[in-house]
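J.: Chain residues, written in single-letter form:
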Amino acid sequence: MRKAFPPEDLARDSRFARVDRMDQIADPRAASGQGGGRPNQRLTPDRADSADAARSLMHGIFVGEIQALEGAGRTCWDFETGTDGAPFALKLDMARQCWDEARHCEISVKLSEHMGTEIGEFGESAFLYQAACNPDPVLRLTGVNRALEGLAIDVFNTMKEFGSISADPVLEFCEDWMLADEVTHVKMGSDWLRKLTEDDPERRANALEFQRVVDKLFSFGGFRGEDDESPVILARRFRELAGFGTDEIDEIAAISAEARDEAKAHRASLAAQG
Amino acid sequence: MADPHAPRPAFAPWDRRELPGSFTVEESARRAGNYKWIEMRLFEALGGWIATVPELDVKMRLGTHCYHHAWHAELWHKRLPELREMNPERLAVPPNEQMERFVEALTEPEAADLTIEKLVGVYRVLIPHKIAAYTYHLNNTSTITDAPTIRSLKFILHDEMDDWRDGEMILQSLIETPDDVRRAAERQVELETILVAAGGICGPGTLGGPTSDEQQPHQEVSA
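Protein chains in written order, with the numbering used here: chain A, 1 to 274; chain B, 1 to 223.
Possibly wrong hints are sitting among the right ones.
Here are the computed lysine-lysine pairs in the DSS-like style, where the Cα-Cα straight-line distance is at most 30 Å [as the list claims (entries may be wrong)]:
| hint | chain 1 | residue 1 | chain 2 | residue 2 |
| --- | --- | --- | --- | --- |
| 1 | A | Lys216 | A | Lys264 |
| 2 | B | Lys154 | A | Lys195 |
| 3 | A | Lys264 | A | Lys187 |
| 4 | A | Lys160 | B | Lys78 |
| 5 | A | Lys195 | A | Lys110 |
| 6 | A | Lys3 | B | Lys78 |
Because the hints were derived from the structure by calculation, they are not lab data.
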């Protein structure tokens with residue numbers, strides 16, 4: 001088995017449909033889609049397309065959990081303990097994360113059925129797993145555990161609130177449990193980043209820059225932000241629990257706003273071209 | 001109520017634990033080091049394979065089992081200093097070169113259509129050998145002096161039995177044709193042959209008899 005496994009080779013059964021990120025975002029059923037024709041994209045039951053948007057988001061969570069599972073598993077395998085800068089305790093954390101992500105896959109499959117969705121009903125892009133392909137374990141952990149798992153905090157909190165206001169106790173209950181795990185994973189990432197780069201400020205700076213790049217990708221088109229134009233809301237309180245400082249959360253909010261403005265400008269440009 | 005000051009035996013009539021055991025502190029530490037090494041290799045491989053298997057249920061099971069074996073590695077890692085090995089990495093080694101060869105062969109399959117080969121190596125060869133080695137250790141160590149190892153062995157064996165059953169049931173559901181049966185059998189023969197040459201997960205003497213160091217059977221220490 002190779003020591004690096006490319007996103008295009010991720011193994012899937014025949015139900016799954018691989019699409020690129022742009023196609024995924026362009027899907028009119030998506031949570032980040034047309035929002036029922038209104039500027040307010042926040043995922044609430046009064047959105048005309050809320051059922052499709054929530055089901056699309058749930059499917060996105062499901063495939064995201066599969067890729068998070070695969071990414072944590074690859075970190076167990078790709079780095080030799082100790083010699084590649086991956087201490088034994090870090091690999092134990094990644095193995096623990098494998099179990100957590102496997103449970104999240106199980107929960108997501110059940111919740112998808114609960115919401116009336118079938119596996120493969122929406123496309124899957126491999127952009128989450130791509131963050132788990134960095135050859136430096138510190139950068140990989142920062143990209144996965146702080147950026148990807150950080151996004152998961154925001155998504156689960158949004159879905160939990162959606163479950164609460166749409167009177168779906170099953171959804172609210174499950175999202176809250178997954179949210180607890182994600183806070184743990186993000187904290188793992190924050191702790192390992194600090195520990196492994198304690199005496200290497202350049203490596204820490206590189207890791208944080210990599211996180212910014214990944215955070216911007218995850219904020220694509222204003223998918224995640226702090227205002228009603230974003231379907232997924234930045235979960236400040238849970239991010240603080242996971243070891244993010246206020247300045248770091250502010251920065252993600254700014255990155256998200258920037259991504260949203262860029263997407264708006266892009267759409268306006270396309271409209272002007274007819 | 002009985003007189004609280006009446007003398008009672010230190011060992012209740014139902015407590016049949018005994019002092020004698022087959023392993024010295026050093027031998028116990030050597031085995032714990034071999035256990036840690038193989039548990040690490042196994043959790044790493046299971047983690048790596050998750051991305052390579054297309055079957056969704058297998059993918060999720062591998063993720064769960066990956067953690068079980070990582071936790072076992074951690075238990076042995078923590079036990080080693082208690083057995084006077086202050087550098088746990090020193091003993092976290094394979095017992096011999098054949099065992100390294102076994103792990104190389106075990107972890108070689110990658111392609112998406114080789115799930116049977118991957119799972120046979122783990123659930124029909126390695127885990128049965130681990131269950132045997134752990135059970136031998138459990139049944140032969142001193143039930144009083146080595147109680148901490150026994151506690152770990154019991155937790156670990158509980159996981160191993162559950163995981164073996166999970167893996168075997170998945171395999172039975174994947175093996176559908178005579179060709180699948182042949183593939184599974186050939187893979188088992190290939191890996192079992194190497195593991196037998198290694199003498200088991202702790203090398204010669206894994207299940208009793210002389211170890212590679214001693215070439216003599218263990219002498220039971222009597223009270």
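J.: Below or equal to 30 Å on CA atoms is what counts here, so check lysine 154 of chain B against lysine 195 of chain A.
T.: violated, 34 Å
J.: Would the hint linking lysine 216 of chain A and lysine 264 of chain A be met if the CA-CA limit is 30 Å?
T.: Roughly 15 Å separates the two Cα atoms, so the pair holds.
J.: Check the hint pairing lysine 264 of chain A with lysine 187 of chain A against an upper bound of 30 Å on the C-alpha distance.
T.: violated, 33 Å
J.: Decide if the proposed pair is consistent with the structure: lysine 160 of chain A and lysine 78 of chain B, CA atoms, cutoff 30 Å inclusive.
T.: This hinted pair is violated, its Cα atoms lying about 39 Å apart.
J.: For the pair supplied as a hint, lysine 3 of chain A and lysine 78 of chain B, confirm whether the alpha-carbon distance does not exceed 30 Å.
T.: holds, 28 Å
J.: Do the alpha carbons of lysine 195 of chain A and lysine 110 of chain A lie within 30 Å of each other, as the hint requires?
T.: violated, 37 Å
Of the hints listed earlier, those the structure fails to meet are numbers 2, 3, 4, 5, in rising order.
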